[in-house]
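Chain A is fixed; fit chain B onto it per the hints.
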Amino acid sequence: MNQMPKRNMTSLNRRAFVVGTAAAGAGLVLGLDIPFGGPAVVRAADGSPEVNAWVVIRPDDTVVIRGARSEMGQGSLTGLAQLVAEELECDWSKVTTEYPTPGQNVARKRAWGDFSTGGSRGIRTSQDYVRKGGAAARIMLIEAAANEWKVPASECSAANSVITHTPSGRTTTYGKVAEAAARIEPPADVKLKDPKDWKIVGKGLKRLDTVDKTNGKMTYGVDIKLPGMLNAAIKDCPVFGGKLKSYDQAKVTGMKGVKQVVKVDDHAVAVVADTWWHAKVALDALPIVWDEGENAKVSSASIAKWLEEGLDPAQPAFVGNKSGDTKAAIAGAAKTVEAVYNYPYQNHATMEPMNATALYTPDKCEVWCGTQNGEAAFAAVLEASGLPADKCDVHKQILGGGFGRRGQTDYVRQAVSIAKQMPGTPIKLLWSREEDMQHGNYHPITQCKMIGAFDADNNLTALQMRISGQSILFSLRPEALVEGKDPATFAGLNPTGEAAIGYSVPNLLIDHSMRNPHIRPGFWRGVNVNQNAIYLECFMDELAHAAGQDPVAFRRKLMDKHPKNLAVLNAVVEKIGWDKPAPQGVYRGFAQHMGYNSYVAAAAEISVTDGTKIKVHRIVAATDPGYAVNPAQIERQIAGSFVYGLTGLFYGGCTVKDGRIEQSNFDNYNSMRIAEMPKVESIVMPSGGFWGGVGEPTICVAAPAVLNAYFAATGKRIRSVPLRDQNITFA
Amino acid sequence: MANLTINGKTVDVDVEPDTPLLWAIRENIGLTGTKYGCGIAQCGACTVHIDGVAMRSCGVSVAEAAGKQITTIEGLAPEEGPLHKVQQAWIAGDVPQCGYCQSGMIMAVAALLKEKPKPTDQDIDEAITNICRCGTFQQVREAIHAVANA
Chain A
1 MNQMPKRNMT SLNRRAFVVG TAAAGAGLVL GLDIPFGGPA VVRAADGSPE VNAWVVIRPD
61 DTVVIRGARS EMGQGSLTGL AQLVAEELEC DWSKVTTEYP TPGQNVARKR AWGDFSTGGS
121 RGIRTSQDYV RKGGAAARIM LIEAAANEWK VPASECSAAN SVITHTPSGR TTTYGKVAEA
181 AARIEPPADV KLKDPKDWKI VGKGLKRLDT VDKTNGKMTY GVDIKLPGML NAAIKDCPVF
241 GGKLKSYDQA KVTGMKGVKQ VVKVDDHAVA VVADTWWHAK VALDALPIVW DEGENAKVSS
301 ASIAKWLEEG LDPAQPAFVG NKSGDTKAAI AGAAKTVEAV YNYPYQNHAT MEPMNATALY
361 TPDKCEVWCG TQNGEAAFAA VLEASGLPAD KCDVHKQILG GGFGRRGQTD YVRQAVSIAK
421 QMPGTPIKLL WSREEDMQHG NYHPITQCKM IGAFDADNNL TALQMRISGQ SILFSLRPEA
481 LVEGKDPATF AGLNPTGEAA IGYSVPNLLI DHSMRNPHIR PGFWRGVNVN QNAIYLECFM
541 DELAHAAGQD PVAFRRKLMD KHPKNLAVLN AVVEKIGWDK PAPQGVYRGF AQHMGYNSYV
601 AAAAEISVTD GTKIKVHRIV AATDPGYAVN PAQIERQIAG SFVYGLTGLF YGGCTVKDGR
661 IEQSNFDNYN SMRIAEMPKV ESIVMPSGGF WGGVGEPTIC VAAPAVLNAY FAATGKRIRS
721 VPLRDQNITF A
Chain B
732 MANLTINGKT VDVDVEPDTP LLWAIRENIG LTGTKYGCGI AQCGACTVHI DGVAMRSCGV
792 SVAEAAGKQI TTIEGLAPEE GPLHKVQQAW IAGDVPQCGY CQSGMIMAVA ALLKEKPKPT
852 DQDIDEAITN ICRCGTFQQV REAIHAVANA
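Here the protein sequences line up with chains A and B, keeping their order. Under our numbering, residue 731 is the last one in the first sequence; the count climbs by one each step, no gaps. Under our numbering, residue 881 is the last one in the second sequence; the count climbs by one each step, no gaps.
One chain only, chain A, in its complex shape (with noise of 0.2 Å):
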C-alpha cells in the first residue's frame, strides 16, 4: 500500500513540500508499519497514523481528510471535508485537507473512489461514501478508547474530537487514540446521522483552501518548480486534425536560453529553453509549415448552414422527449408560433491556461498538474510515457479555473512527450493564452427551430423542438452514445431524471439531429443546459407573449406535475416583487430549469439604452439542490455562475476561418468585469431527501432571464448568441 504525501493545502509549507518531494526522487513511497502482534497500519509521510482512507490524525489532535475531488474555486474541497468531519465528530477547527495521488487510488483498489471532478458531482456522488468514512473512523477511535479504559464502546461517546466514558466521565482525544484505532478493524456498516442532527454540514463555514491564495504561496501547477527543470512553450497545428509538415529549427538554436525544439506527436512542436520566456520568444521566431488539410476550409458560415439544414424535420434526428402527437396538434392548432435560435462555441478561458510538469526516465514517469480528472491524467501519463501503472503518478495541483476543460488530458500527454525526449530532465509545459483561446474543447455549437401550437382558447396544445447540432459525447465519450444518440444533448429536456424538462405539454417532441464539425467540443460550465435553458425558456416567453398571458403564469399552468420546479420559480417570482411593478425604466424577465439534479430559477432586472446598452440592474436566483451542505458556498457559487453565464452571453462565442478558431485573447474574447456585475440575490432552498449539485445548475437560467428582460424592455427577441455580434453590450 502506498504512503500518503503530505498535501495540505493551507500550509506554508505547500512549496517547500513541492520541491522537497521532487528532490527525494519523487518517492511517495509505499510505508507500512507492522508493529509487534498488530496488523499493518497505513502512515502518512509524517508518520500519523491512518485511520481509514479518508481520515488521518495526527498526535496534536489534526485531523486530515483525504478526498479524490479536485479543488477549482467550487469549494467542494471545504464541503467533502465538512461531511466527513460532521460524521467523525471531530473539532472543525483542526481541520486540513490533502489529496491521494492517482497512483496510490489505483494501488488501493480505489479507496477513495472516482476522481472525476466535473458534472457537478463532487459532492452528490461522493457524499454517501465519505459520510460513511468519517462515521466508520469515529466508531473505530471510540472503540479504541474504550479497549484502552477496558469498558464496554457503547458506554463512550465522541464530540469534538474528544472521546468521554460517560460513566466515569474519563476523557481521552482523537491523537491519543489514534494509533491504536488505525490497528482496528473496520466496521463492517455504519449509520448515518440524520441530517436534521447536522452540526457542521449545512453550515456556511470559512473554506479552508483561502489563506494561501491571498498571500501569493498557492502553488498551482504553472508555479511548479523541480531542480533542474526546463520551460516548454508549444504551438498545436492551428487547424483541428492538420498536421505539422516542417519546421526550421536552425533559425532558433542559437537563441538564448533554447536548449531544444522537440515535435509533439506529429501536429505540435515546442520549444524547450531555461525559461519559459526564452522559450516562448523562440517559439514565436521559429518557422513552422503546418498541413492543414481539408478542414482548413471549414468557417464558421459553412458550419451554420450544415446545422440549418439539420433543423428540417425530414431529416433523421434521434428522440429524446416524446408524448402524444405534436404533427397532428400542430395541424389542427388555432394558432402557432415558430422560432429559431442559436448558441456558439465557446472557451473556457480558464485563468491559468493549460500546463503540466513532466519528469520521465525509463523507469518512472510523474507529472505535476492542476487536472478535474486525477485518474484520467494517469491513464494519458501511462499511455504516453508507455510505463506501467506502478511506474507512474499524477501530483494534483489546485486548479487555477477548470469549468470542464482540466477535465481533458491532451495538456498531461504533451508534457510527458516532450520530457520522454529529454529523460531525467523535468519539463513544465505551458501553453500561451493564445494557445489556450486556439485549443480549447468548445462548449458546442447548436441551433433550435420551436414551434408551438395553441387550441382556440390560446392553451398550449403542443411544443416541438428540434435540436440540430453537436454532441459532446460523439467527440470525448463515444461509448456513452446510446445507439447513436448523445443523450447529454438533452440535459433539462428529458421526460425524467437528474435533468428534466419541468413543463408537462399534451404533445411533445424533443429531438436531435446530431451534426459534428471538426472543432472538438468540451464540458463547458453548464454544459447543454446552456443553451438548452435559453432556447426553451425564452420560447416560453415567446409563447406567453403570443397567448397575450404573463410569463409567469403562463408557465405556472403547465407546471402542476413539477413542483420543485414551480418551488423555485415561485420563490424568485416573489422575491423580485413581480406583484409590484418595476422600477421606472427598469424591466423583468425570468427562466427556470433543472440541471444536475438541482432546481434552478432567475429573475433579471435590467435598463437598457438606445436598445444596445444593457444594464443587468439585479437578478435573483433561487436553487433547491436538495442539501446545501455549505450555503455560503453555494452562494458564492452561484453569483459566480452569472458572471460565467452573463459572459457568455454578451462576450462569449469563438467563430472559426479556415478551419481554426478566430479570437485568441481577452482582447477579442472578452469577460465581464466589476463594472458589470449584478447583484444577485441567492436564495438556497434545499428540500431533502435528494442530492443535487451546485457549480453549474444556476448558469443556466441567467441569459434567458436577461434575454426575456430585454424583450420586455424593447419588444425585441434575441434569438442569438453573443450579444457582441449584434452590437449590444453592456452599459
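Calculated directly from the structure, the hints in this document are not laboratory data. There may be inaccurate statements among the hints.
To be verified - Below, simulated DSS-like cross-link-like pairs (lysine-lysine); rule was C-alpha separation at most 30 Å, straight line:
#: 1; chain 1: B; residue 1: Lys799; chain 2: A; residue 2: Lys217
#: 2; chain 1: A; residue 1: Lys243; chain 2: A; residue 2: Lys420
#: 3; chain 1: A; residue 1: Lys615; chain 2: B; residue 2: Lys847
The model shown is predicted, which means the values in this text are computed figures rather than measured ones.
Here is chain B on its own, set in the frame of chain A:
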C-alpha cells in the same frame, strides 16, 4: 542584466532588457504569486505595484522597471508582520474561489485604497478592471467596502 528592487531587496537579474517584468519576477527572481493570465495587459492577474502604482507587469519591461520600487503580492505585507488589511478582508470575506486572479486583484485593490480610502461603487468600477472567471466580483466589492469602513 537588469538591476531590480523588489519587495525592498535589490537584485541583479540576467535577462534581456525587453523581458516583461512578469517573467523576470516569476522565473528569474522566483516569486510565483504574480500570475500569467494573458500577456497583453488585459486580465490583471500579473498586477504589481511600481513606485506605488498598480501596473500589469506583463506589459512592463525590466528596463522600464529598473531603479523603481517594485512590490509583489509576497511583499504587500511585511515579512514578519500581520497581513495587509486587504488580505485580511479577503480572508474575512472568504473572497477567493480558484484564487488564481486574486494576487492581481488584491494588488489592484490595495493601490485603489491607498489613493481613495473610501471608494464609491463607481470608483471601484473604474479602478478594478481585473478579470475573474470564477466571478468573485460580488465578494470583492463587499470586501473593499469592508476595508474602507473598518
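Problem - Straight-line alpha-carbon gap Lys243 of chain A to Lys420 of chain A, limit 30 Å - result: Roughly 21 Å separates the two Cα atoms, so the pair holds.
Exercise for the section: Verify the proposed pairing of Lys615 of chain A with Lys847 of chain B, using a straight-line Cα cut of 30 Å. Expected result: Distance ~26 Å between Lys615 of chain A and Lys847 of chain B Cα, so the pair holds.
Practice task
With a cut-off of 30 Å on the C-alpha distance, tell me whether Lys799 of chain B and Lys217 of chain A pass.
Solution key: The given pair, whose Cα atoms are some 24 Å apart, holds under the 30 Å limit.
The earlier numbered hints are all upheld by this structure, with none contradicted.
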